[in-house]
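Given the coordinates of chain A, work out where chain G should sit on it, guided by the hints.
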Amino acid sequence: MSEVYRKFGRVARSEKGTRIDVTEAGEAIESGDTFIATPLRERMELPEPDLPEFKIAAERLVITHGIAVHQFNDIEWREETRRLHVSLTHDKIRALIDLDDFDFDLVKQIADRLQHAGNEREAPQRIRIASHVAKTLLHDLPNVWQRGGGRDGKGQLIVEVPEPRASNWYRPSYRVRPIRKAMNLFARCERTEIDRDLPRAIAITNGGLLIDDGRDVYPSPIHIVSIDAAAPDGEIESRCR
Amino acid sequence: MIFANASRDELWINGARVESRLSHGVAIDEGDRIVARDDYDEELVHVCNEAIAKLRKSVVEDVRMRLVASARRVRGVVMSEATITTTKNGLSIVGTDLSSLLSGAAAPSPPLDSAILWRNGSAAVLLHEAIGHAAEHNAPPVAWPTWLTVHDEPQFPIDDCGNESRIVDLMHEPPSCFRRESFRDVPLRRMTNVWVRHSCLTGPDKNVWPTPFVEVFLVRGGSYDPLTDIVTIEIALSTIGPFTIRKTRTEIAASIIGATGEPQRYPGVICSREGQELVVGSHAPEMVTR
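Protein sequence lines, in the order shown, are assigned to chains A and G. Using the working numbering, you'd call the opening residue of the first sequence number 6 and step up by one each time. Using the working numbering, you'd call the opening residue of the second sequence number 993 and step up by one each time.
Same shape as in the complex, but just chain A:
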């Protein structure tokens, strides 16, 4: 039996000072082992995604706003996405920030703290990890769940389940064969109160995390051993080595 997926999308992206507006529609047909993707001549009227102005001294800054209508067999759904990717540098430290909203104030705060970063230090035994950093580290840790909401790449509802039990399909483009992958990860712990006095990881770096202890900022190679607390806003408290 064939599975037919169709996508009609518009995306606006700002990259290296250039804005690119892409309008496209395509169809993917999976039948047994075979996957075929082709553009569609059909059009669907979609609003033009807006793209906010944001300037910062960065090695890389990519701002993306997409609007799409998806169809999978008889199911149709609409999706709007915002992505912000920033690579900031200071000395030999690269701090990476990936957000699913346009929180430019957060980027400015991290950029400001990065300018005060010193030499690499050993990992603190316990840290708290900002929610935007935690999202990228949670795969394969215990007590990690998939948050419910929205539909996956085959139109199925994304339900709240422990990460190992997630059976949803990730399809970033109609040209890419979908794969099974847990999405929208979050940590769940009995303890929801974070020790706000702990050093805080504020960004991913080339080789670890950028730690802000309130006084000093430094990169640290960190291996997370366990999650001890998880706040409703996504921030987590972890033991490290």
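To be clear, the hints were calculated from the coordinates, so they are not data collected in a lab. Do not rely on the hints blindly, as some may be mistaken.
Unchecked claim - Computed footprint of chain A on chain G; a stretch qualifies when at least three of its residues, placed anywhere within it, have a C-beta under 8 angstroms from a C-beta of chain A: (1) 1003-1016; (2) 1020-1027.
As the list claims (entries may be wrong) - Partial list, computed: chain G residues near chain A (C-beta under 8 angstroms): (3) D1030; (4) Y1032; (5) V1178; (6) R1181; (7) N1185; (8) L1219.
Note that the structure is a prediction, hence the values are computed from the model and not measured. All residues carry an ideal CB built from backbone N, CA and C; glycine is no exception.
Just chain G now, kept in the frame of chain A:
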């Protein structure tokens, strides 16, 4: 400026086609804004269809093969490319002849700290990263051997922004060409076709060069980090098996001690930068590093 492109790619596993994609579209450059749509271009799609039909004749059993045929039109000029990437037992080349590489790796194993003999044009990958990508990032100059040259020599008359292409000395300036993987992408200054040459006056003198060599045949991947100036090369196939080199450009320049013979075509560099994958031609003589 209007850039139009089409591409058709197919994935074949063990002689059966399992994936097929068509893509086409047009990008209109309006200063610092690009408006892109997936418009159909009959001529470009036809060029791709003809090219992929020819590539299919090279499909064989027992390997994974990715066939890519692409065509683009800039300033009315149609240019095309066609490649096959063949993968077997975790080794990939651009081309179809894996056998010559695999037979070359059967030499005895020298110690790990031996000098490296970059065979099969593989030195082009090392210098693609250390000189080519560094030039793309306008990295400061490094003292390369005076007998060594590295040029980007485009094989097409016009780049993807409508500029006439030209040969550049990558030791002194970045590539001249702007390229884009598709109509959806922002054009970037990228290498097109790297030629490493040497003017060593004498042939290889094994009494002067350190021996024994670790012989390198195939590279899995490489990168250049403009922040740390570190080049990383992952060797896939050598006389001591897979290994990784991590050195600064200065260290790499100081490690080059000789080269011999005419440049050989290295079987494949699929270069990825900013998420855009492009084929870059690669040619180098045999080269020795300490």
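Going through the hints against the structure:
1. 1003-1016: The restraint on the region 1003-1016 of chain G holds, since 9 of its residues have a Cβ under 8 angstroms from chain A and three suffice.
2. 1020-1027: Held - the region 1020-1027 of chain G has 4 residues with a Cβ nearer than 8 angstroms to chain A, which meets the minimum of three.
3. D1030: holds (4 angstroms)
4. Y1032: holds (7 angstroms)
5. V1178: holds (5 angstroms)
6. R1181: violated (11 angstroms)
7. N1185: violated (24 angstroms)
8. L1219: Holds - the Cβ of L1219(G) comes within 8 angstroms of chain A, reaching about 5 angstroms at its closest.
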